[in-house]
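Asker: Taken in order, these protein sequences are the chains called A, B, C and D. Residue 16 in the numbering used here is what sits at position 7 of the first sequence, and the numbering runs on without skipping anything. Residue 187 in the numbering used here is what sits at position 70 of the second sequence, and the numbering runs on without skipping anything. Residue 200 in the numbering used here is what sits at position 190 of the third sequence, and the numbering runs on without skipping anything. Residue 17 in the numbering used here is what sits at position 7 of the fourth sequence, and the numbering runs on without skipping anything.
Hints should not be assumed to be uniformly reliable.
As the list claims (entries may be wrong) - DEER-style ranges, computed between Cβ atoms:
1. B:N281 x D:L542: 53 to 63 angstroms
2. C:I90 x D:I487: 51 to 61 angstroms
3. D:I19 x B:G227: 28 to 38 angstroms
4. C:L179 x D:G41: 47 to 57 angstroms
5. B:N281 x D:R69: 45 to 55 angstroms
6. C:P67 x D:A292: 34 to 44 angstroms
7. B:D169 x D:L88: 22 to 32 angstroms
Unchecked claim - Facing chain C, from chain D, some residues (calculated, C-beta under 10 angstroms):
8. G129
9. I130
10. A133
11. L523
Don't read these hints as lab results, they were simulated from the structure. Glycine residues also receive a C-beta, built at the ideal position from the N, C-alpha and C atoms.
The lines below spell out each chain.
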Amino acid sequence: MSDNSHDTAGLMTVIQRGWFTAGALAVLTLVEYVVATTVDAPTLWLLPFIVAKGGLILEVFMHSSDLKTLDGGNA
Amino acid sequence: MAMTTTPEAVHSRAEATYRPAANRLGLWLFLASETFLFSAFISSRFVVSGTDQPEHLNQGLALLLTLLLLWSSISAFRAEAAMAHDNRRLFHREMLTTIVLGALFLVGVGVEFNEALTDFPANTIYGSSFFMLIGLHAFHVLTGILALGVVWNLGRLGHYGSDNHWPVEGVVKYWHFVDLMWVAIYPTLYLFGGS
Amino acid sequence: MDQDRRNDWIWFGSLWAIFSAIGFYLVLGIDLLPAQWAHEAEIVDDAYILLMGLSIPIFAGVAAALLTSLLRFRVQVDDIPTEDGPPVHNNRNFVRLWVASTLILALMITVNPGFIGIAELRGEPSADIVVEVQAQRWSWKVNYENGAETFNQLYLPADRRVRFDITSLDLVHSFWIPGFRVKIDAVPGRVTYLYVTPEGVGSFEDDFNLRVQCAEICGLGHAQMAMPVTVLSPADFDAWVTDLAEGA
Amino acid sequence: MRQLLRAVIFGILGYLIGATLTWLVRGGSLGDEVCVVFGYVVGLVGWLFGIGMGDTWVREWFGLPARESDVTGWKRYLGFSTDHKVIGVQYLATFIVVLLLGGVAAMIIRFELAQAGEGILNADRYNQVMSMHGILMVAVAVAAILGSFGNYLVPIMIGADDMAFPRLNAVTFWLIPPVAIGLLAAPTLGSFDAGWTAYPPLSVVNNGGQILFVLAVTTFGLSSILGGLNVITTIVTMRAPGMTWGRLPIFVWAAFAASMISLLTTQFFAASLVLIAMDRVAGTVFFDGGAGGDPLLYQHLFWFYSHPAVYVMVLPGFGLVLETITHMSRKPLFAYKAVVVSLLTIAGLSVIVWAHHMFTSGMAEYLHGPFMFATEMISVPTGVIFLSAMATLWRGKLWMKTPLFFAMIWIFQFLMGGVTGIFLADVVTDVSLHDSYFVVAHFHYTIMGGMIFAFLTGIFFWFPKITGRMINDRLGIIFALWLTIGFQLTFLPQFWLGTNGMNRRIADYPDQLEGANLFSSISAFFLGGSFLLLIYILLSAARRGPKAGDNPWNASTLEWQVSSPPPEHNFSGQPTVVGHPYGYGTADSRHAEFAGMTAVGLAEPEQAGTGEGGDNE
């Protein structure tokens, strides 16, 4: 959340991105469930879902790119 | 940019809580540490019982809980975005939504625990892992709800603004982290064993 | 100046040689290890002595460097030090050489006595006789193949390869025979195994290290959780085990 | 004082409330372990609330302004102070006391072991004393250097006014007293006797004291996680302008590497202990072999932390010793970059070697080789540390004061620990030596030799900075020699005992081993006596030692450029770092400049390459 603009348009853009992500997560979850209940030994099949869902949450919801700018900048 | 905050820091050591880089890094490190705690318990489940799972798992409830938590994630996300854009009304509403969804999640866990007590009690090996992992996660949900409550209240009292909303960002990040852990716990307990 | 530096290294070299000689004399000259009662004991002791032999020069080298520094580089400072040492920040070639030699040494001992030793110690997974051992606070129960059973007594034939199948009824215990140099934990819920080929005829009365000692803390009786081991000649052992089974 | 009193009262009240409520809800008796668990948790919260969290954080959570403590003088040390220097001293004092307590337990152990057969202790009592000694000393080893010197030195060394999270820092320290109380209160519930490793199933079925062990040690783990988090954040975000990663004093790097380990892996220790608590009070069966659980699970979780923990203990020790050596031999630290890489490599490797503690545990055999290999590899970066220490000494101007004496003895002691570690890393010899007195001797060389000797090095080197007074150097050297001789005579025979069939953690042993044990015991009392001299040296110096001045060692790093003891906010002006921390031997080199002050310090080693061709002058 680095853009601290007070305009509602900016807010809507951000929130829209959130909705898209949430939608993707919901779809992934449902597909994951279907895969798990149809495939015989699903462990390996499910790992990509975990990685994808985790990655989405980290990147969009948790702003993991923050980490790049954390160093005090004295170097 | 550590030194830009120095004048404030020098004059009031304990007041110097608004060091954005330090706060962010501190929270990320804490979450990294927590990840190790969760991975210890998750790997314990695989060490003692592989991917075995019992017959009587309430898959419907678990899927519902998963989606509930996901929904609370987006409302938390909206709350944070709202505060970053000084939209207090939206912040207020979404914070409350998140807290209510979190509470509903806990109620769901309660129902699930109740069923589990008869289907796979704690003195079975799957039951041990189940109660341990769900319990650990529920504990984090509970602390998350308490923290959300504190931040919601302070936001209501007008403590935050677009240029000063670290506590909102922090607590929401923690809430997403709890969701992130569920992403791993859910298949670990319910899906890896197949149907 | 150069003469001075050369003298440093002469001091270091002489001390190293002296310390190494003393070290080798002390460690290899004095018999540090107890009597060997099994084929496995020889493998373990050989590895031990090899590692000792390798560590003495390393140890002596560091000790020599320290003593040289202490004797030759100390200065008298009255109040505050005014004189600095040479501004040496690094010597890349020396560091590279050092890392390379420690790496090679580490790899060497990983191969031998490491991997080679493991292979020797494990040997073929075949046994002449199987002995089942069951640990329970704070005693051992031993079952032989023909149904014979002893309690807190272990009899073994010499020169036959024995496999122990070890388990525990309550806690983690550890099955250690110092005279054989072998050890494996007894874990509730699983069976661990151990191969050993006893050599020489003897008993606890001959050597107190011919005993099974619990090596994993298990509460009150842990220190006393030991049983004497008796190694019989193969013929004596056969007779003994048959008698016991028939008498039972 | 007021805070402390309030904390004690709230702690006790919290315990009573938690325990009573649990008892009312579930029945049974008040002494049941479940009640103890909830009582402890609520009591801990009460304690933290009382000591100062209630005045600061909790008030802020409800939108009220925080009440800061305005205590000054020596009373700061007994309350919730957010000054990193006060907290450093609090750690130092606390852990010296715990060290002495653990030492008393050690003396009792050696007294019992002086002769075969039952002496002053029965087997049960022996196991309890031995376990207490183990866990107290492990706690000292984990937290003494990082807690005291990490807190005291890291912010000053990097030119910051405090840690990144001063309040969290205070909480981190004030989590320690409940740990001590929990451990020392264990005898009221029957004590714990499973050693500091607390392997199940023993730790699931033994006396109720074990639950206090679990709770206390988990609290301790929390403290070490939060401490690690604070140190890392401080180093990353609070460096003074110009303090690049390549100009950090080596102790800061060591603290950074150790904090990484304690931040991440400690959670596995917490997890393993929580599982034990669950097995004890909630009826789970993680470690019950009969019900499908697996005792080895604990060992994996436990050693995943507890082996890296060894490096939490010794890495800061490396840092202290290297600092001391470079300052006292007045030479730049040899191969600075290689040392930094080694510290980080050790931290990285430390998490993939844990199962070398389990070669005889019955785990899958295909794991033996890889873990042996990884373990042997750790000797390479450790070797670089040794190289740096010795090459820094070589041709230096050695000022043989007590700190340098200790640092040089440290090299020798830790080398013994390192070399004997090879025997335990090797599967073949480990099968014989595991759980024997060889192991006991080995880890006393690494932990006592590697960590306590470094701790003492640090105490003697920074004592003038912390108190503003000098210690009696002659007595210091006598103490160093006394301690070293006592140490060697105590633990050398234990290697022999281990190879000759004495297993660890026993109250009684075969009569044939009596001679060496008696020798070791007598030496141990000699060793123990030396600590009385240490107490005398420290107390007498603190009370009437000669004034130290700001920079008695004429050292170059930032903490020596301020007064002794340092002013409340460390620096009167903002320091700007302009050069390498160890610029000895280079004329007009400087480490830092202060706004509004004349330049001080040493070192701008642009000509770092001058050493290329060897130690040319």
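Asker: Now tell me, hint by hint, if it's right for this structure.
Answerer: Now for the hints, and whether the structure bears them out:
1. B:N281 x D:L542: 53 to 63 angstroms: Because 56 angstroms falls inside the window, the suggested range holds.
2. C:I90 x D:I487: 51 to 61 angstroms: violated, 19 angstroms
3. D:I19 x B:G227: 28 to 38 angstroms: holds, 35 angstroms
4. C:L179 x D:G41: 47 to 57 angstroms: Hint violated: Cβ distance 29 angstroms, outside 47 to 57 angstroms.
5. B:N281 x D:R69: 45 to 55 angstroms: violated, 19 angstroms
6. C:P67 x D:A292: 34 to 44 angstroms: About 55 angstroms separates the Cβ atoms of P67 (chain C) and A292 (chain D), which means 34 to 44 angstroms is violated.
7. B:D169 x D:L88: 22 to 32 angstroms: For D169 (chain B) and L88 (chain D) the Cβ distance comes to about 54 angstroms; the hint is violated.
8. G129: Violated. Min distance 12 angstroms.
9. I130: Nearest chain C Cβ about 15 angstroms off; hint violated.
10. A133: holds, 5 angstroms
11. L523: holds, 8 angstroms
In summary, the numbered hints that this structure violates are 2, 4, 5, 6, 7, 8 and 9.
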